[in-house]
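Participant: Here are the chains, one letter per residue:
There are 2 protein chains.
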Amino acid sequence: MTLSTWAPVPADSEFGVANLPYGVFSRGEERPRVGVRIGNNALDLAPLLARDHEIPVQGPGGGLAEAVAAESLDALLAAGPQAWKSLREWVTGLLTDPAKESEASPHLVPLADVRMHMPFTVADYVDFYSSEHHAANVGKMFRPDAPPLLPNWKHLPVGYHGRAGTVVVSGTEIIRPCGQRKAPDESAPTFGPSRRLDIEAEVGFVIGGANRLGEPVPASAFADYVFGVALVNDWSARDIQNWEYVPLGPFLGKSFATSISAWITPLAALEQARVQPPKRTHDLLDYLADDPDQPWGLDLTLEVDWNGTVVSRPPFASMYWTAAQQLAHMTVNGATVRPGDLYASGTVSGTEVHERGSFLELSWSGSEPVRLADGSLRTFLEDGDTVTLRASAPGPDGVRIGLGEVTGQIRPARC
Amino acid sequence: MTLSTWAPVPADSEFGVANLPYGVFSRGEERPRVGVRIGNNALDLAPLLARDHEIPVQGPGGGLAEAVAAESLDALLAAGPQAWKSLREWVTGLLTDPAKESEASPHLVPLADVRMHMPFTVADYVDFYSSEHHAANVGKMFRPDAPPLLPNWKHLPVGYHGRAGTVVVSGTEIIRPCGQRKAPDESAPTFGPSRRLDIEAEVGFVIGGANRLGEPVPASAFADYVFGVALVNDWSARDIQNWEYVPLGPFLGKSFATSISAWITPLAALEQARVQPPKRTHDLLDYLADDPDQPWGLDLTLEVDWNGTVVSRPPFASMYWTAAQQLAHMTVNGATVRPGDLYASGTVSGTEVHERGSFLELSWSGSEPVRLADGSLRTFLEDGDTVTLRASAPGPDGVRIGLGEVTGQIRPARC
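Protein sequence lines correspond, in order, to chains A and B.
Each residue of the first sequence is one higher than the one before, counting from 294 in the working numbering.
Each residue of the second sequence is one higher than the one before, counting from 294 in the working numbering.
Bound-form chain A, shown alone (with noise of 0.2 Å):
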């Protein structure tokens, strides 16, 4: 059965409510305060709560009505899967009943009128490298007389730590990082402006469960910790990268800033979007087994608009390592996860070259530059360029769930 709103959601949206993300808005000089997204406005969440005397369940450290009014979604993460189940209930339920709308709909407010903000505290960051073609694109690039892809690439979703206090909401600027680099034909290195500055089409999963120290998190248990999902750019100056990342990994190549959407998908809303990974080519180990009759494979389609070319179009279900899998390897040594954690797929790219996900392979390492609506031509990114990616998964019904963008303009170097 469809469900039909009072709410108004243009005929066209990905923003009906069988999506319903969450963000945290602001309105002139109130303070922020958390949202659902209809179509184009946010849904005012606390007061309507607040009166609603039916809501059964509370999260830990409060109610949904405090963690709902609160400053970020902070609480809401903590609260853990059945408080997020009650919620969207809830928020469903009021939204398809109309004897509802004469109460919430005076708490619709137009996006235009609002200013969105960092939706939640990163705990820890990591970075994937999932997707096999990007991987073996920059093996070819790389390595070009090695086999693409590195030995354990089959074995493990290899990852690594980025800076999560550089972590920014969409349509945040980005001042292009100075820093060293050194090109192979240069005795030593020189400072300045990065001159390879790069996107990474990513998605991340934003966590709200949280283990005990020594306890790893199952792949079967992935919907119990992971809150939803964002759209991640991953800046990346390739050249800083590229002299500073044997043998510790990349650092201040990306640390000076990673942009997420201001609206977090539900993953209960990507339930339709579910599929299975790309076929292994090798043995998993028993803790990154894949389960037929639970796939996390996710279909996304990606967009990267590049100053309003669309460039490429990265297909999500060709991701070689699922999350749920990122996940039980993540805490398979012990470790812990935390509300808040974020983790990233890693660049998304598919076969095809209108499939991949950053600049560097897009232009194959600056060789082949990427044409613009404009005639322009580009290689890496530009002072004043911008770039926004945009997804969209299959919903209920035929309709599709947006999830959002996540944008940025390139600002002068300050050095």
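Don't take every hint at face value.
Chain copies aren't distinguished; within one or between two, either way the pair holds.
[What the hints assert, rightly or not] Cut-off 27 Å, straight-line C-alpha distance, at most; resulting in silico cross-link-like pairs (DSSO-like, lysine-lysine):
# : residue 1 : residue 2
1 : LYS447    : LYS475
2 : LYS378    : LYS447
3 : LYS378    : LYS572
4 : LYS475    : LYS572
5 : LYS475    : LYS433
6 : LYS393    : LYS447
7 : LYS378    : LYS393
8 : LYS572    : LYS433
9 : LYS572    : LYS447
Derived from the structure by calculation, the hints contain no laboratory data.
Dock chain B against chain A, hints included.
Facilitator: Using the frame of chain A, we list chain B on its own:
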């Protein structure tokens, strides 16, 4: 002039009135609170500061009395360098003024009666790799046919992000991690407990300041941003690390646990420990340039105790990169730091065998077992082993400044 205190301090104590580290303690069922260590007591600050009307400086978001009444050092870290200075002067005045004894002495709590807690909430955790001797030892073991140092090593302080959520306080048991490991002669990885569990003896720097995105912190501002120093044991599963770390760096081989000392030594207590760093063999880029008038090499002597045998005394003064250079590097791309950020030096190893700060080096990758006082031989850690790191520094008038200890015992794997 040597300051003397009315508080009981044993003659050989490294915790006299020139030291005064901060920590978070509790007694019985009481809630944790901020204390200062003097001799073998913790001075309970909150009740004393609350009634003292003379302390002038207020930190942001509340006064110092409020900050020390909290269950962590978080608010004190955020209060900034003027507040740190005022508080240290006030505590020093209290402990050296005989007229204050009757008021303050009831608030001395024997350390034997207290439990120590994680002193602050770790925001981002970065681990550097700044000992030339350690990096060269690792290079000789793993790349015997290549130069021991990689090309970037003398140009920048190599570092990477670690897991903030698994930084634990001294005394926390360390569960042997499980994970994938593959010896070079094996065709595929296997899963199981780490067989090469190691330590890394390091010194950590705790940040209290915050910069704005895009505005680097110069090395000269080091003391405005760094509150104090902790001892760090960066537990490392070498077999897991070795299989996973190419190309994105260490991940699960490190993220299961990192232990820090319970007492944070104020930077101001280490004024007499400041020394020139080692002679530079390469020109440094401007942002990393040494200022001979304001050196931030630190003459700390570390001690590695393995089941009661001191197996190594790593000299921190031999570190090639200083903590001021590390901070400048970490932010030169515009990345922010925040109160609660922790960055560690990397394994401290000197030139001599008995100065090596990891068992990987002490046992030369397991080929030269270490003999303990009970006659037993060790290469890597066995279940039940306890490792304790200690350190001290020169203080005024020949006294030593103790940096406390960080200890942990290995518990069996759970896989």
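Participant: Which earlier hints can't be squared with this structure?
Facilitator: Structure breaks hints 2, 3, 6.
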